[in-house]
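Participant: Below are the chains, spelled out letter by letter.
Number of protein chains: 2
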Amino acid sequence: MNNKIVRYFEDVVSGMSVEFGRYLMSEEEIVAFARAYDPQPFHVSREAARNSVVGELIASGWHTCAVAMRMIVDHFYPAESALASPGVDEIRWLIPVRPGDELSVRLTVVDARESRSKPDRGILRIRTEVFNQRHETVLTFISTNFMRKRPTSM
Amino acid sequence: MNNKIVRYFEDVVSGMSVEFGRYLMSEEEIVAFARAYDPQPFHVSREAARNSVVGELIASGWHTCAVAMRMIVDHFYPAESALASPGVDEIRWLIPVRPGDELSVRLTVVDARESRSKPDRGILRIRTEVFNQRHETVLTFISTNFMRKRPTSM
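Top to bottom, those sequences are chains A and B. Numbering-wise (numbering that gives the first Met the number 0), the first sequence opens with residue 0 and increments by one. Numbering-wise (numbering that gives the first Met the number 0), the second sequence opens with residue 0 and increments by one.
Honestly, the hints are just simulated from the structure, not real lab data. Here the structure is a predicted model, which means the values were calculated and not measured. One thing to keep in mind: the hints can contain errors.
Unchecked claim - Covered by chain B, per the in silico footprint, the following chain A stretches (three or more residues, Cβ under 8 Å): (1) 16 to 22; (2) 68 to 74; (3) 80 to 87; (4) 104 to 117.
Cβ atoms here follow ideal geometry from the backbone N, Cα and C, with glycine treated the same way.
Pulled out of the complex, with its shape left as it was, chain A reads as follows (with noise of 0.2 Å):
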């Protein structure tokens, strides 16, 4: 996929703000995934649910993370230039996700600035909102990435 909102680091303005994604989370998913990753009773079966604390089937917090990612992924970090991240702050599961929501992102550069002490990239940090299919926050975070800056002709 190589239609992607910016390319490289120099492509990011401080400020710049993007809404894109459109995850559908079925049951099927959210079980599988609490069953392999968050085997709670709330997580795992919508049997299980009911008798639980919580009373109803929702998805694991780190699903909702994983399924932000993976749009993330797909719509803005740029294969040829985004490095391996090294932290989020400030996770916030605000809202349960139930089995047939789907899930949008609005993701915002909060600051852009040149790496000090390697030249080749800059580091961005980025707050990523999702969004249920009523428009609800459902998740805050943010993170720190490094992304690369556009090759120099050599």
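Use these hints to put chain B onto chain A, whose structure you have.
Facilitator: Just chain B, lined up with the frame of chain A:
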């Protein structure tokens, strides 16, 4: 599984620290997770990774978080009292996780206090450290967790 370290909020002591888990990160699982949720070149195949900005196949950071969660649910969160978490802070991916790495967890209760607004539960702040087989720290984060108090006889 009912051999958990704690059952209710009252069993949790601020400062307690427990180590548990053993999770082999196979190449198959690293690639499967990445194809679903984080299809960057350095996560999806050895070949794509070799030609990528990172140069080798490493696990998605979200995958490592999910695996940590699996170990925490298996060994620590009591099914009868652990409620959904409102958030996680300061995720730091310190060292790449590679195929064949075996991960384990140390969990430290940083703070345990009663909820003022909801008297049926307590609020925990928990520091999670994830180690590889050389006991290098690959990931750390701090979570907020709600846990029910022991039911009183009614």
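Participant: State for each hint whether it applies.
Facilitator: Going through the hints against the structure:
1. 16 to 22: Answer violated; 0 residues pass the 8 Å Cβ test.
2. 68 to 74: holds (count 4)
3. 80 to 87: Held - the region 80 to 87 of chain A has 8 residues with a Cβ nearer than 8 Å to chain B, which meets the minimum of three.
4. 104 to 117: Answer violated; 0 residues pass the 8 Å Cβ test.
In summary, the numbered hints that this structure violates are 1 and 4.
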